[in-house]
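Reminder that position 136 of the sequence shown reads as 136 in my numbering, one-by-one numbering, no gaps.
Worth double-checking, as some hints may not be accurate.
[To be verified] Simulated restraints, written as ranges between beta carbons of each label pair:
(1) 206 to 72: 24 to 32 Å
(2) 155 to 211: 22 to 30 Å
(3) 50 to 129: 30 to 38 Å
(4) 291 to 120: 15 to 23 Å
(5) 261 to 61: 20 to 28 Å
(6) 279 to 239: 17 to 25 Å
(7) 133 to 200: 22 to 30 Å
In case anyone wonders, no lab produced these hints; they're calculated from the structure. Glycine residues also receive a C-beta, built at the ideal position from the N, C-alpha and C atoms.
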Amino acid sequence: MQDPILQGSAKMTAAMLISGTIGWFVLMSGQGVTNVVFWRCVFGAATLFVVCLALGLFRRDVLSSRVLVLAMLGGVAIVLNWLLLFASYSRASISIATVVYNTQPFMLVAFGVFLFRERITFDKLGWLGLAFAGMLLIVQARGGSAYAPGTDYLAGVALALGAAFLYAIAAVVAKYLKGIPPHLIAFIQVSVGVVLLAPLADFAALPAGGVEWSSLAALGIVHTGLMYVLLYGTIQQLPTSLTGALSFIYPVAAIAVDYLAFGHQLQGIQLFGSAAILLAAAGMNLGWSLPRPSKGKGTADPIAAGRSEPDATQAGLVHPQATLPVPVRDRLTGE
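From just these sequences and the hints, can you work out the full model?
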């Protein structure tokens, strides 16, 4: 029998590699951002409907009116998150947008402090400072950006930050969906997207070829349905530390795809800024301790060492572009 850790690692790796290609499919679809998100929701809803039906999740005892309203609110945040993130790709490049989007853990920490009165530790402040420094470097790189003419680099960075903020909001909403099957929550969220975006979709500018339609179908079936199922099974098999570590395959894969497919290579200052953000996110995710200025061998804070709060921040990296994952719900509730 296959080792469950090895099996879970393979699933997680596959899911993160799939995540890393999403920007390519968005741009290859040739559609406007609203149309891309709309069709992703359509294909995603169809896929997740089949999954939920097969799992027998459409039961009255599972879905109450309160849960439905909360899931719908989370769906609005997720859909708006996709709109901003996809819009950032053509402005700041897939690489930069993905790295900036990975500031979600720090936004989750901020929500924890202001909404739930959670304590912020020395380590969290340190990692937050490093991420902020990395963000400043990326913003300062505006003049050296070598992307397509007519794009607005700073607007792309701002859109990616807005997308991360909306994902953090969805994570907070998901805190109150304890015990609800994640596949069902995902189905509700993408269904909300279909209803929300149908009046805004441009049906007069539908894809003309099979490549464009295949790209849209892949975003819904593969990057939403399949990846969600993979990640849900993975989280149950892997320890938190390994899940957090493997999640960094996603931004690395996105940077590689951006370079191989579009020739976008990070400039020196962008490279340093991106490395700082990813290092800070890793430290936050995995509960790394920073050296104390006054004590040579200080004991690591128990929360910063990987208990409930770091697990919550990890959710922002586990599945940053698919529908809101089960780790968000479970980690935020400390389970």
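Hint check results:
With their beta carbons about 27 Å apart, residue 206 and residue 72 fall inside the hinted range of 24 to 32 Å. One distance hint, 22 to 30 Å for the beta-carbon pair residue 155 and residue 211, holds here, with the actual separation near 28 Å. For residue 50 and residue 129, the hinted distance range of 30 to 38 Å is not satisfied, since their beta carbons lie about 46 Å from each other. For the pair residue 291 and residue 120, the beta carbons lie near 18 Å from each other, so the given range of 15 to 23 Å is met.
The supplied range of 20 to 28 Å is broken by residue 261 and residue 61, whose beta-carbon atoms lie about 46 Å from each other. For residue 279 paired with residue 239, a C-beta distance near 21 Å keeps the hint of 17 to 25 Å intact. Separation of residue 133 from residue 200 is about 38 Å and departs from the stated range, judged on CB atoms against 22 to 30 Å.
In this structure, the hints that do not hold are numbers 3, 5 and 7, in rising order.
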